[in-house]
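Protein sequences appear in the order of chains V, D and R. Per our numbering, the first sequence starts with residue 33, numbered consecutively. Per our numbering, the second sequence starts with residue 2, numbered consecutively. Per our numbering, the third sequence starts with residue 3, numbered consecutively.
If you're looking for bench data, these hints aren't it; they were derived computationally from the structure. The beta carbon of each residue, even a glycine, is placed where N, CA and C say it ideally should be. Watch out, some of these pointers could steer you wrong.
[Said to hold, decoys possible] Restraint-style ranges between C-beta atoms, simulated for each label pair:
id	chain 1	residue 1	chain 2	residue 2	range
1	D	G570	R	G154	16 to 26 Å
2	D	R613	R	G154	53 to 63 Å
3	D	P89	R	M479	33 to 43 Å
4	D	K30	R	S43	42 to 52 Å
[Stated by the list, open to error] Simulated pairs of lysine to aspartate or glutamate, DMTMM-like, Cα-Cα distance not exceeding 20 Å:
id	chain 1	residue 1	chain 2	residue 2
5	D	K457	D	D370
6	R	K372	D	D370
7	D	K576	R	E362
8	D	K526	D	E460
9	R	K299	D	E546
10	R	K372	R	E362
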Amino acid sequence: MTVSLDHYLLVSGLLFAIGLAGVLLRRNIIIIFMCLELMLNAANLSLVAFSRYNLTDTGLPNYNAQVFVFFIITVAAAEVAVGLAVIVALYRARRTTHVEDLNRMKF
Amino acid sequence: MSLQTVPWIILFAPLVAATLILFFGKYSKPLSAGLAIATAALGCVLSWLIFLHPPAQEGLHFDWVNFALWQQAGIPAFHIPIGIVVDPLSRVMLLVVTTIATLVFTYSIGYMRTEEGYSRYFAGLTLFLFSMLGIVLADNFIMMFIFWELVGVSSYILIGHYYSKNSAADAGKQAFLVNRIGDFGFMIGILLLWVATGSIVFSEIVGKLTLPGGLASHLPFLTIACILVFCGTIGKSAQLPLHVWLPNSMEGPTPVSSLLHAATMVAAGVYMLARIFPILILAPGAREVIAWVGAITLFVAALMATQQNDIKRILAYSTISQLGYMVLGIGVAPTADVAMFHLFTHASFKCLLFLCAGSIIVAMHHEQDIWKMGALKNKMPLTFLCCFAGAVALSAVPGTSGYFSKDLIIEFSWANTTFHHGLFWLALATAALTAFYTARLFLVVFFGPPRDDHAKHCEESPKVMILPMAILACSAIACGWPVIQKHFFDLPEVVVAPPMFHIMTLVALALGLVGACLLYWNAEKDPISIPLFANRFYIDNFYTEIVKFAQDRVGVVFSWIDRWVIDLGVRISAKLAVGTGFTLRLLQVGNIQAYAFYFGAGVIILIYLLLR
Amino acid sequence: MSPLLYTILIPVIAAILIAAGAPARRTAGFATFINLLWALSLFALYRTAPAGIDHYKFVHTWPVLPQFGLNFTLGADGLTLVMLLLATLVSVCAVWASPKVEKAERAFFISILMISAGVIGAFVSVDVFFFYAFHELALIPTFLLIGIWGSGDRQAAAWKATIYLALGSFVLLIGIIGLYLSIPVLNHRTFDMRALQDLAAHGGIEKKTWVYFLLLFGFGTLISLFPFHSWAPQAYSSAPAPAAMLHAGVLKKFGLYGLLRLVVPIFPETMQTYMNLLLVLLLCNIIYVGLITVAQKKLDWMLGYSSVMHMGYIFLGVAGAGMSILSYTGAAILMFAHGLSIAALFALTGQLRERTGTLEMSQLGGLARKLPVFGLLFGFATMAGLGLPGFANFAGEILVFFGAFGTAGVGNNYHALNNYQIATIIALWGVVISAVYMLRAYRNVFLGQPGVVTADGALDLSGSARLAITLLIIGLMIIGFYPQLFIHYLAPVWH
């Protein structure tokens, strides 16, 4: 069986769905955070797959997509740094990492 | 310095004096009085000068507003000059105003010597003098209107001199407001005449009227315009139905009543009519209205005067009545000189009577009720003599000034045959009433028993008050004599004289005098009581009710509508904004995951919409 | 570089200095005074200054988006200079006669300076876009002043004014955009008032009725034209005195100025078609609001309503401005006169509130005995407010009345009254009404027996307030005695 683009996209979609479900359903904010990363990586996977399967006229992969992936990885790293710092600060202040306890921002 | 600048000096000297008194008067009493009297005396001397040596008509000229540079096609350039007119009419009026002002200012030194607000008083008087001279010298409607309003405000200041008294403050306000109502009509009249002729300058209007196809051939228009202009006189000269302010204005110091509310300011309305007489003469309908307003006023005011008890109010109603004679004179006589003649004599004797009243009031410690006076002839012989001169002139006893001027007007009114010579009979009946109330006042105040402690112990006034009164007394007797008045006026001949006229006036005079003597000789209190007259036909009460209604009903209802109906728009939009916000904030559940869900759902909807 | 730029910059710089720590009241007072002197010298220099292609002088243009016809252009003609004098004079008085500020004095004076800079900017901008933007700049600090330093129900007043004025501005903005878009030739599109007037004169603008109404009601709301007026009395009665002075005296004139600049020259025919509507509305301003004013029991509310009422006269001038040079100049002089007189009245009222704690007329009385200078100045301002000759108000009213009355032609004109003339006659009755409420207020507060609130130990006006209000009254009297001074500036503006 040859691994085609469809398979990559399927896996990517699964990853994204798992991530989305985690973000929407899990209670622990760190898990939510990890699920966010999962969604980002799902996007990365599909981008790389597109790059590999959409060859340009010269036969080379389309590197635009790969550059995109590097950007996403960089941004994700920055996001993790900031996000974890926020979570730590939040934990210090509220002694919890559960989202249902963080509901002060409503009328 | 040429003679042409003299009227300008007469006009502006009082303004300068008023400003100086306003700023420096508080430092020195003699300075205030001195400045005021000096400007008035200067004006008086210069007025005599230009009376004897009239300057050339073309004088200095000043553009208050002038659109000549930016003329609109088809419309005459709008132009409001501040220019002065020196003709026989204004020269006589200048004499009257400045001479009487000088005398009254001098009298005020004595009258106000113990009163508060001394410099404010003299500042007000000089401001008044300035405004009055402006009316006299004005050569166009707007300039006259400007000074017309300024005499109104100086009258407001002076009536309200004792401003801490509620009645004085109210009287000043009322005088201003009633005059404003008259000025409403006056202004519309000016606008109409302007639209019709393209000018506001008296001489130009008269010139344009008689052009072929000019205003004189559009009689209804001209009549309406003249009647509207006459509204100004109704207000300023206290004619019915706007007479209510004048009796109340007696709240001011007595010299003010004398100068403003008897001799000069109230006569401004008559002077204005005399000034526009060349226009009026083309509108017989308007003159008919003017004559009737004057006749009704003179009669009704005299009836009111017979039942008043306040010495100044009696004189105030008498003033209204005499002003009615002048207005009647404008309405019936072929020239304005007839009315001006009565203005001239009335200024002397009514001013004198008020000064006498002031002298008595000071002596009586500000008691003004004539039924608290009595037997003053021995205590105040000089005042008694002066008052006698004034009273005989007012009653038109033959040989006095009032006799010549008033009877002339009555005689002219015969020519109008509406309602069987109604004007004439009203005027004649009023002559009897005038004699009656004058004699009543005179008898109760000077004869009979002293009715109050003050009356037993009063003293004659100082010389500074007696001297102006003495001068005016001579004038009140003599200024109407033909040898004297022919230098001032050019009186026309009566064409249609009533039969036995002189006998009729003598009978009227005798009726009034005898009636008063029978009723009031040694009377303790008023033997007759006619509430209708005493309460001034309830006209004042009627006006009070109207004002109350306007203020408390109409105003409040409108106020309510404004708050709750007009404002509804903004209230509704505010409620709408708040309501929308309230609905939308239900989405703010406070759960991050819910927000993420909305976000995702939004993206999906967007994708669906884009790819559809 | 245009010297007009300094008139905007001086208050802004002063505001920055205050924010940086300069003494607030003194810096603001000094800056506004310098600005007044600067405006006066521009006024004096104007007639000898070199003219450009049109009658605007001191013109300078900074391109912003020239491809859209959008530039930052400053320039002045006679009307601008009159309004500039008004704005600077009232600014001086607003600072000098301001009562003691209880809290956050710096922010208070910065707000005042920003209003001043905003209105001045609006008046000297030749470009409609910046004309509008500067006005918005001036509105924001007004809300802050009412909401933070106001008295009474200040929050409600501030909100109401915000909603009204924001809606008005919004309608106006749509109108301005509509006006811009109604220029059919793309590369003729411009925001320049001069160019807009030129285009209108040569048929380069499609005159759409809806644009006219948007502009009329947009400006009308800002001017408190009936029935969009009910924000004004509440806002003025709650506002601190300087805010009320600047808003009623100057900022409100922005709308009238806009009408004279944009609506009158560009939409003369449309205006004529719908003239009766405008006349009815302005008569409601005069008579209906006048009667409401008579019924007011508090001095500040009365003044608020009276300023709404007086807009009616200026509107009468604006209504006739397309046809008569008298109406045009009369409206402009009346704008100046009303600005100064209402500013003087609000300044005195603010000072009075500080002394008595209440402005309920039934509780006051006889104050002239205790506060003689106060009484005298209030008397002058009252007389100016009711249009006494000798004050500029009278000159303006006379010109407006004559202008409106003469629209049908002057000289040998005996036709039945036209709509302008009927409106003039009704409006003249307003002169009586305004005398009623003005004199009643003066009588109740300053004359007669002392009231319940006696203000024992209250001091008379302080030196600076006395000076500032005297300055306003002198300004009124100069123009009242010699209106030709302004007519020389205003009449050439009228085409």
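Status of each hint after checking the structure:
no.: 1; hint: D:G570 x R:G154: 16 to 26 Å; result: holds, 22 Å
no.: 2; hint: D:R613 x R:G154: 53 to 63 Å; result: holds, 56 Å
no.: 3; hint: D:P89 x R:M479: 33 to 43 Å; result: holds, 35 Å
no.: 4; hint: D:K30 x R:S43: 42 to 52 Å; result: holds, 44 Å
no.: 5; hint: D:K457 x D:D370; result: holds, 15 Å
no.: 6; hint: R:K372 x D:D370; result: violated, 32 Å
no.: 7; hint: D:K576 x R:E362; result: violated, 31 Å
no.: 8; hint: D:K526 x D:E460; result: violated, 24 Å
no.: 9; hint: R:K299 x D:E546; result: holds, 19 Å
no.: 10; hint: R:K372 x R:E362; result: holds, 18 Å
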